[in-house]
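**Student:** What follows is the residue order along each chain.
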Amino acid sequence: MAEAVPSSADFSATEIMTVAASRLLHDGTVCFVGIGLPSTAANLARLTHAPEVVLIYESGPIGAKPNVLPLSIGDGDLALTADTVVSTPEIFRYWLQGGRIDVGFLGAAQVDRFANINTTVIGAYDAPKVRLPGAGGAPEIAAQAKEVFIVLKQSRKAFVEKLPFITSAGFLDGGDAREKAGIPGGGPTAVITDLGILTPDPVTRELTLTSIHPGVTVEQVKEATGWDLRISPDLKTTEIPDAAALAALRDLQARTARAHGQSAGGEG
Amino acid sequence: MAEAVPSSADFSATEIMTVAASRLLHDGTVCFVGIGLPSTAANLARLTHAPEVVLIYESGPIGAKPNVLPLSIGDGDLALTADTVVSTPEIFRYWLQGGRIDVGFLGAAQVDRFANINTTVIGAYDAPKVRLPGAGGAPEIAAQAKEVFIVLKQSRKAFVEKLPFITSAGFLDGGDAREKAGIPGGGPTAVITDLGILTPDPVTRELTLTSIHPGVTVEQVKEATGWDLRISPDLKTTEIPDAAALAALRDLQARTARAHGQSAGGEG
Amino acid sequence: MALITPLREAVSSLVRDGDTVALEGFTHLIPHAAGHEIIRQAKKDLTLVRMTPDLIYDQIIGMGGVRKLIFSWGGNPGVGSLHRFRDAVEGGWPRRLEIEEHSHAGMANAYVAGASNLPFALLRGYTGSDLPKVNPNIRFVECPFTGERLAAIPSVRPDVTVIHAQKADRRGNVLLWGILGVQKEAVLAAKRSIVTVEEIVDDLEAPPNACVLPGWALSAVCHEPGGAYPSYAQGYYERDNRFYKDWDPVARSRDGFRDWMKRHVLDTEDFAGFRRVLAETAGPKAAGQEVA
Amino acid sequence: MALITPLREAVSSLVRDGDTVALEGFTHLIPHAAGHEIIRQAKKDLTLVRMTPDLIYDQIIGMGGVRKLIFSWGGNPGVGSLHRFRDAVEGGWPRRLEIEEHSHAGMANAYVAGASNLPFALLRGYTGSDLPKVNPNIRFVECPFTGERLAAIPSVRPDVTVIHAQKADRRGNVLLWGILGVQKEAVLAAKRSIVTVEEIVDDLEAPPNACVLPGWALSAVCHEPGGAYPSYAQGYYERDNRFYKDWDPVARSRDGFRDWMKRHVLDTEDFAGFRRVLAETAGPKAAGQEVA
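In the order they appear, the protein sequences are chains A, B, C and D. Residue numbers for the first sequence follow the working numbering, so the first one is 551 and each next one is one higher. Residue numbers for the second sequence follow the working numbering, so the first one is 551 and each next one is one higher. Residue numbers for the third sequence follow the working numbering, so the first one is -8 and each next one is one higher. Residue numbers for the fourth sequence follow the working numbering, so the first one is -8 and each next one is one higher.
Hints in this document: simulated from the structure, not taken from any laboratory. Be aware that a few hints might be false.
Each computed BS3-like pair below joins lysine-lysine, with the alpha-carbon atoms no more than 25 Å apart [said to hold, decoys possible]:
no., chain 1, residue 1, chain 2, residue 2
1, D, LYS124, A, LYS730
2, B, LYS679, C, LYS124
3, B, LYS679, C, LYS59
4, A, LYS703, D, LYS59
5, D, LYS35, D, LYS236
6, A, LYS696, C, LYS182
7, D, LYS59, A, LYS679
8, A, LYS772, A, LYS712
9, B, LYS707, C, LYS253
10, B, LYS703, C, LYS236
11, C, LYS59, C, LYS253
12, C, LYS236, C, LYS35
13, B, LYS696, D, LYS182
14, D, LYS236, D, LYS253
15, C, LYS59, C, LYS35
16, B, LYS696, B, LYS679
17, A, LYS712, A, LYS730
18, C, LYS236, C, LYS253
19, C, LYS124, B, LYS712
20, A, LYS679, D, LYS182
21, D, LYS182, A, LYS707
22, D, LYS236, A, LYS679
23, A, LYS772, A, LYS786
24, C, LYS236, B, LYS730
25, A, LYS712, D, LYS182
26, B, LYS679, C, LYS236
In silico negatives: residues of chain C with every beta carbon more than 12 Å from chain B [stated by the list, open to error]:
no., residue
27, PRO(-3)
28, SER3
29, LEU5
30, ARG7
31, ASP10
32, ALA33
33, LEU73
34, ARG162
35, GLU190
36, GLU196
37, PRO240
38, ARG245
39, ASP246
40, GLY247
These figures come from a predicted structure and were not determined experimentally. From the three backbone atoms N, C-alpha and C, an ideal C-beta is built for every residue, glycine too.
Isolated chain A (complex conformation) (with noise of 0.2 Å):
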């Protein structure tokens, strides 16, 4: 009766990294989407654990149920599938600042230590080493949905100790910083990557590994991290993912895969 316990080598550090963000998502949430990582995964715990949590895109579908992954965030299986599909400026005005979304599901291209995102530019602003695409709806997603999630993949280029830029807000400075500019949600409750799932101090603000993928060390966490990163003492090992789980992903990104013919995503 003993079954095989599965083993790192089962599935990738996206795959986990995947997975565990999906596994936030709790049934009914009202989750508005980001594209890319953060579709991926919220798609995920809809066809998985969370059939009814209502996915809500900016480009207006709200409710929406892909069949497959959307390559951008306006793509026509979103509008298709969705219980209706407002404009725009309808999103942002009466669903996100009207203040009905319990999470903000983001990605970034650099975090700080207080989980704020850049997604704006690397270098001056002014004179940019690059130019990235900008804030699109991050901004006020990140200041209005109740809590907000961010996914992306963990490296010191891309965790930084000072944002050259500060796209959307996360704690701000730490502390109360974030309460004290009067910004409404409660902001980033947790930030998962592919090493592990980091929450920020309840009181300090500040971002803490506290769950760790299998296989992977912390020293490794550490060298991926441009600041001297704190651990929980109540570290924990993430839980792997399911038999379910995964061949749910592998089954959505192959669908996807066959319908696009790629499976990046993007704004736009």
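With chain A's structure known, arrange chains B, C and D on it following the hints.
**Tutor:** Frame of chain A; chains B, C and D shown alone:
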């Protein structure tokens, strides 16, 4: 070959008022239509000389082409015959405030010498003698349409020296008072009554009798006006309704009576 | 998530004494059944909000449940005055009615601002009108770019909004179509919401970009076929114009009004009961039974 | 009243050097054909506005026609960077591109304010972001009722807005459906407007409350089937993902870009000509001819 010249016995005072008002609407004009007499006149124009007039109702229909006169500002026939039906906020925001209305066509309970309108109260606001229905869409229609036509029956009670309450601005105190108040639209260009047509003096903006309906005397008009009415030195006699217009009006009213069992109309 | 629930329970649990309540409907889809239920349950000290208060507001006001009315046009469409409303304003009967009066543009923008979680609405409005003189909630702000003066009014944020719609699916998603008025904004501006519907279906079959309110954004959905009577529900039944005309003499007298309300509303169990009694007192055509 | 007119004439008469131009489309219905015509006619010193500048803006910017870009997210959706946009910002080639940068919420509200003839948009936005530090057009105002601090940004009021839609009738009434983005607002915010459409029909057969732009509110309607290629038009054709991917290497090099633009756009007569040449250079599938 001599045709009988129509005489005032061939049409009622209300009919010449309605036909005269309808004639002022040009083909292709975009008209924001108030319910009741304005709606009758605007639809008569559409059914006779101005088939391309665009009728917009505050309840949402744009390009309504009702087969019978609506009883209220939100009848189903308006929706079913319109080019599109938008929300009431959109009507006021994108279409009226957006500056897209050529003619605002209004009724009134009372008007004064400078074509200001009262539909709010007779007596003091806080201790009303008669509480009228209120503003409805009129204050912004009167302010924002490029020009305004007002249609109402003429009497001393309705044409008063001083309004107890200005619900919707005409020319305020006259002269350039309207422009000084920063009101964008051109204001009333005609007040059409059952006795004649009053138009504002180009400088003082005082309403002046410029056309009198056939069979009506200047004395009668003065008698029905609560101030010392200016009479144009160039006073014209209103053109008699032509047979086609009269027939169209009577057909429309007969169809309406059959459909509704009544012919009045109001907001709501 | 919207519970599909009987109207009596929805009104009982969601409408509270002292609440600010908007029963919206712009001629079309006026929630009369829900209004009657508010009267039957004798809700007190309400602040009612509506762009176009009509018969159902005349009834709630006449029964004494209303402290204040926020509105922009109050009348019996196609007929004339609302006599109970006028009596409350002119005569203070059965209690003095406080009024806060706007234009349609102001009210529509105030609902939009409420749905958008903004504290105030910004519009080009009220210029040259005396309304700002009698309504201290009409103020003016300056554009930080052009210096232009614009009107500002507080958002409408009802405790409860009540609307009627054509249909809902079993998950509580609601579709309305035709004249939409401000219903979507009124629902989204409110803390709680009740939607009565003509029918509950398996599939809304909503066209793309139709006006759909997702069930998860609503508090209660109630199956009340005919619930907009005597107004109309596009695709279901026409307005009963005779009821509007017949209302005028009923509402002119305080006693006549009270008797009528007792017999037709207070002494009936529900809206179906009201329709049955109305068929007896006014004839079946007046009760609209041939179309509902 | 919208004239149904060839695209070349519409662009020639309605888009002027120095204009502020919005070609809108949120992934769906992006007006590529009209963008190419702007390039062919070598319109100069444009201020381009768009929430999500993508390939067609990369092309117009790379050809040197743009002085300033007002935007909130610029990228190649699903692929990566816009290399011509980046080169203009990072490298000043072929000219320095001035940028005014917002969030999507800001831009969407600015279009709404423009369509509403308001001088500025009011929103809860930009809190905690560095954007207000680099964009002097993000200011803050106080609510005259609650004292709350709210963001204010100038309305977007383009000289011309260009969109693509599914169909128009012979009177120039336009129907679009599916992902609507900000197209309606962008058209109504503009002084002039051009709508390219997949087909011109006798009857729009628009559902109730569909997104219809009346012909009298538009300047020109142009029949350009396939005019949104390589983006998609719901109900007509899918997006050509291969074109988006193939664009990346083309746009990486200044010379490669110029050569490509000369061959595919400058040396072709119109969008049909572009599609024919693309079919030769990239194979018929890449030209999307199997779906258009």
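**Student:** All hints are to be evaluated individually against the structure, with a verdict given for each.
**Tutor:** Results for each hint:
no., hint, verdict
1, D/LYS124 <-> A/LYS730, "holds, 18 Å"
2, B/LYS679 <-> C/LYS124, "holds, 19 Å"
3, B/LYS679 <-> C/LYS59, "holds, 20 Å"
4, A/LYS703 <-> D/LYS59, "violated, 34 Å"
5, D/LYS35 <-> D/LYS236, "violated, 28 Å"
6, A/LYS696 <-> C/LYS182, "holds, 16 Å"
7, D/LYS59 <-> A/LYS679, "holds, 20 Å"
8, A/LYS772 <-> A/LYS712, "holds, 16 Å"
9, B/LYS707 <-> C/LYS253, "violated, 38 Å"
10, B/LYS703 <-> C/LYS236, "holds, 23 Å"
11, C/LYS59 <-> C/LYS253, "holds, 23 Å"
12, C/LYS236 <-> C/LYS35, "violated, 28 Å"
13, B/LYS696 <-> D/LYS182, "holds, 16 Å"
14, D/LYS236 <-> D/LYS253, "holds, 20 Å"
15, C/LYS59 <-> C/LYS35, "holds, 11 Å"
16, B/LYS696 <-> B/LYS679, "violated, 34 Å"
17, A/LYS712 <-> A/LYS730, "holds, 20 Å"
18, C/LYS236 <-> C/LYS253, "holds, 20 Å"
19, C/LYS124 <-> B/LYS712, "holds, 17 Å"
20, A/LYS679 <-> D/LYS182, "violated, 37 Å"
21, D/LYS182 <-> A/LYS707, "violated, 45 Å"
22, D/LYS236 <-> A/LYS679, "holds, 24 Å"
23, A/LYS772 <-> A/LYS786, "holds, 16 Å"
24, C/LYS236 <-> B/LYS730, "violated, 44 Å"
25, A/LYS712 <-> D/LYS182, "violated, 44 Å"
26, B/LYS679 <-> C/LYS236, "holds, 24 Å"
27, PRO(-3), "holds, 29 Å"
28, SER3, "holds, 29 Å"
29, LEU5, "holds, 24 Å"
30, ARG7, "holds, 27 Å"
31, ASP10, "holds, 23 Å"
32, ALA33, "holds, 26 Å"
33, LEU73, "violated, 8 Å"
34, ARG162, "holds, 24 Å"
35, GLU190, "holds, 18 Å"
36, GLU196, "holds, 18 Å"
37, PRO240, "holds, 15 Å"
38, ARG245, "holds, 16 Å"
39, ASP246, "holds, 21 Å"
40, GLY247, "holds, 20 Å"
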